[in-house]
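Trainee: Here is how the chains run, residue by residue.
2 protein chains.
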Amino acid sequence: VARVAVDLLGGDGAPAAVVDGVLLALAADPDLTVALVGPSDVAGAELAARGAPERARLHLVQASEVVGMDEDPARAVRAKRDATVRVAAALVRDGVADATVSVGSTGAALAAAVFTLGRLPGVTRPGLAVVVPAARGPLVLLDAGATVECGHDLLVQFALAGSAYAQVRLGVDRPRVGLLSIGAEAGKGDALRKAAHALLADLPIRFVGNVEAHAVPLGGHADVVVTDGFTGNVLLKGLEGTVAAVAEAAAHEGQELPALEAFAHRWDADGQGGGVLLGVDGVAVVGHGSSSPRGVASCVAAAAQAHREQLVPRVRSAMSDLVARRRAKAGMAWA
Amino acid sequence: VARVAVDLLGGDGAPAAVVDGVLLALAADPDLTVALVGPSDVAGAELAARGAPERARLHLVQASEVVGMDEDPARAVRAKRDATVRVAAALVRDGVADATVSVGSTGAALAAAVFTLGRLPGVTRPGLAVVVPAARGPLVLLDAGATVECGHDLLVQFALAGSAYAQVRLGVDRPRVGLLSIGAEAGKGDALRKAAHALLADLPIRFVGNVEAHAVPLGGHADVVVTDGFTGNVLLKGLEGTVAAVAEAAAHEGQELPALEAFAHRWDADGQGGGVLLGVDGVAVVGHGSSSPRGVASCVAAAAQAHREQLVPRVRSAMSDLVARRRAKAGMAWA
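Chains A and B supply the protein sequences, listed in that same order.
Take the first sequence: its position 207, counting from 1, is numbered 315 in the numbering used here, and each next residue is one higher.
Take the second sequence: its position 157, counting from 1, is numbered 265 in the numbering used here, and each next residue is one higher.
Rather than coming from a laboratory, the hints here were simulated on the basis of the structure.
Quick caveat: nothing in here was measured; it's all calculated off a predicted structure.
Heads up, a few of these hints could be off.
Pairs of lysine-lysine residues, derived as DSS-like cross-links and limited to a Cα-Cα distance of at most 30 Å, are as follows [to be verified]:
no.: 1; chain 1: B; residue 1: K296; chain 2: B; residue 2: K437
no.: 2; chain 1: B; residue 1: K437; chain 2: A; residue 2: K188
no.: 3; chain 1: A; residue 1: K296; chain 2: B; residue 2: K188
no.: 4; chain 1: B; residue 1: K302; chain 2: B; residue 2: K437
no.: 5; chain 1: A; residue 1: K437; chain 2: A; residue 2: K302
no.: 6; chain 1: B; residue 1: K188; chain 2: A; residue 2: K188
no.: 7; chain 1: A; residue 1: K302; chain 2: B; residue 2: K437
no.: 8; chain 1: B; residue 1: K296; chain 2: A; residue 2: K296
no.: 9; chain 1: A; residue 1: K302; chain 2: B; residue 2: K188
no.: 10; chain 1: B; residue 1: K437; chain 2: A; residue 2: K296
Some chain A residues close to chain B (C-beta under 8 Å, calculated; not the full set) [as the list claims (entries may be wrong)]:
no.: 11; residue: D190
no.: 12; residue: V239
no.: 13; residue: F338
Backbone N, C-alpha and C fix where the C-beta goes; we use that ideal spot for every residue, glycine too.
Just chain A, with the same shape it has in the complex (with noise of 0.2 Å):
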């Protein structure tokens, strides 16, 4: 059984879309039920204009408020008590709920997630990790664009935290972890990359060293690359506009291109399941503003997966070891 709060008012096609995907996630999956949390009103006549479908797995949690994509998001969450990210998270927290789902603001449920369920020991910021479609087999990206400013601490927490989503959600047993630079070679990189490259060899995972970006459409190289949030947001963007860009090419001279309608649809926000907010104390998923009901159902499928296969209490356990070092460098370790 999963029970996923999901945020009714997130999103450019709320609150219609959303409603949909739920449905349809609902349809698919006889083992879920969901918490749609928005204004009832709202999520009622959205219901009775489809013929008041049974809900004996639906419910419907009060939320009035909503963080939008022009606010500071740190500071509209701390504002808004009824803000419906604020709430779905609360459910987590309260044991009511298994995960949140959001299409709405990433910096939102960011924050919302982080304020309400806290984060895990040894976690500073949460990462954003993202499924890749590689031509080769999917990988994880991480962070896809939750911390800008990222120390090289902040990387190996992202590569520890990666790796245990890799098992859950790839079903690798032991995840090739991959450093982001512009290089193969350990010496290449800014100073960061440098940093962090002595650091992740030292982890108790399988790191494969630099990888380079065509890694990551390509696949083949790492199950999980590690990167920093304004470089992993800059990289998603620009393939997910070179698959675009390919198709507006293809379509201009008039050819069909079926394998490229495919490559595209697995690239397309729907059928990714979302990103997953890495290092806080609950699943929170985080979708697509331009989420369509399959790409909703598609988030709500993966926070239920996240759950079912415990990727909190994975997390939680990558974690102890960087907590572990950290007593030990500190002098305060138990041993």
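Dock chain B against chain A, hints included.
Mentor: Using the frame of chain A, we list chain B on its own:
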């Protein structure tokens, strides 16, 4: 007339691919003269193997050392007085050639250019500018990897130099200059981007604000996209890898994709004419190490064009505004 000094020993296919590329370039441009810089016996043997072609516009300049990909470029260039890249740059410094081309180590070409040609007034570090064949028309991206640690002052230099280069290379009168960031709004991005945004808005260029990464492969938003060398290199390799990934997926399904082939062809190293180092006192073009003869020829053609269209005087002029501001700020204004 354009006189281009070409590094005989740079690149994976050297010396054969370099010689073939030079012969292609000479055949395509009757006003071109090339100096092949490398061991004269190697050059002589390559030419003899091709039936000793007529050499009215082809000269052999002796240089015996090469900077390897595994060496520290700055140190190696300083130590090796007879390195091909250093001898080639000296030809430009001494007025014997108008431009240099190397498809070897970018770091070595950069070090040789800075060491031998020097920087233009106002320039702290040169930027590597490449032309991206975006779907809606080409654009200039810099820095593509010359300088991985960039402050906001360097992004300002890249914007001025890149705007001058786009005039020459793209034939755009008042190029639109965008700052690569992770959101279109002025406040989006890391501290570096936020600091740079205000400075760019104050320059005598057509600054269009932040652009997101999908605008680079798609085009249409800016003629020049400015970023640090780490992010630029990651984005460029990500785009190249995505094109390769789409092609791989199509081939896997046994589909022929003429439009994709044409697109990939535009994207591959050979079509792009290499990158130009902006901010040094001379035209210096560097190409992919994997360049084919056609790739070498496109670099030589790009170098000749940059010389003919006065790239260096234009960049010098673009920098003068910056120099004047610095003088004024330092209380040394002559006015």
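Trainee: Would the hint on D190 (chain A) be counted as holding, given a Cβ-Cβ threshold of 8 Å to chain B?
Mentor: violated, 26 Å
Trainee: Hint validation: F338 (chain A) versus chain B, beta carbon distance must be below 8 Å. Holds or violated?
Mentor: Since chain B brings a Cβ to about 5 Å from F338 (chain A), closer than 8 Å, the hint holds.
Trainee: Can the restraint linking K302 (chain A) and K188 (chain B) be considered satisfied, given a maximum Cα separation of 30 Å?
Mentor: Holds: K302 (chain A) and K188 (chain B) sit about 27 Å apart, inside 30 Å.
Trainee: Holds or violated: is the Cβ of V239 (chain A) closer than 8 Å to a Cβ in chain B?
Mentor: violated, 15 Å
Trainee: Does K188 (chain A) sit within 30 Å of K437 (chain B), going by the straight-line distance between their CA atoms?
Mentor: violated, 45 Å
Trainee: Between K302 (chain B) and K437 (chain B), is the straight-line Cα distance small enough, at 30 Å or below?
Mentor: Satisfied, since the Cα-Cα distance of roughly 21 Å is no more than 30 Å.
Trainee: When you check the alpha-carbon spacing of K296 (chain B) and K296 (chain A), does it fall within 30 Å?
Mentor: holds, 28 Å
Trainee: For the pair we were handed, K188 (chain B) and K188 (chain A), check the Cα-Cα distance against 30 Å.
Mentor: violated, 65 Å
Trainee: K296 (chain B) and K437 (chain B) were given as a pair; does the straight-line alpha-carbon distance stay at or below 30 Å?
Mentor: Cα-Cα ~28 Å, so holds.
Trainee: Is it true that the CA of K437 (chain A) sits at most 30 Å from the CA of K302 (chain A)?
Mentor: holds, 21 Å
Trainee: Would you check the hint for K296 (chain A) and K188 (chain B), treating anything up to 30 Å between C-alpha atoms as holding?
Mentor: holds, 22 Å
Trainee: Sort out whether K437 (chain B) lies within 30 Å of K302 (chain A), counting only the CA atoms.
Mentor: Violated - the C-alpha atoms of K437 (chain B) and K302 (chain A) are around 36 Å apart, more than 30 Å.
Hints 2, 6, 7, 10, 11, 12, counting from the list given before, are not met by this structure.
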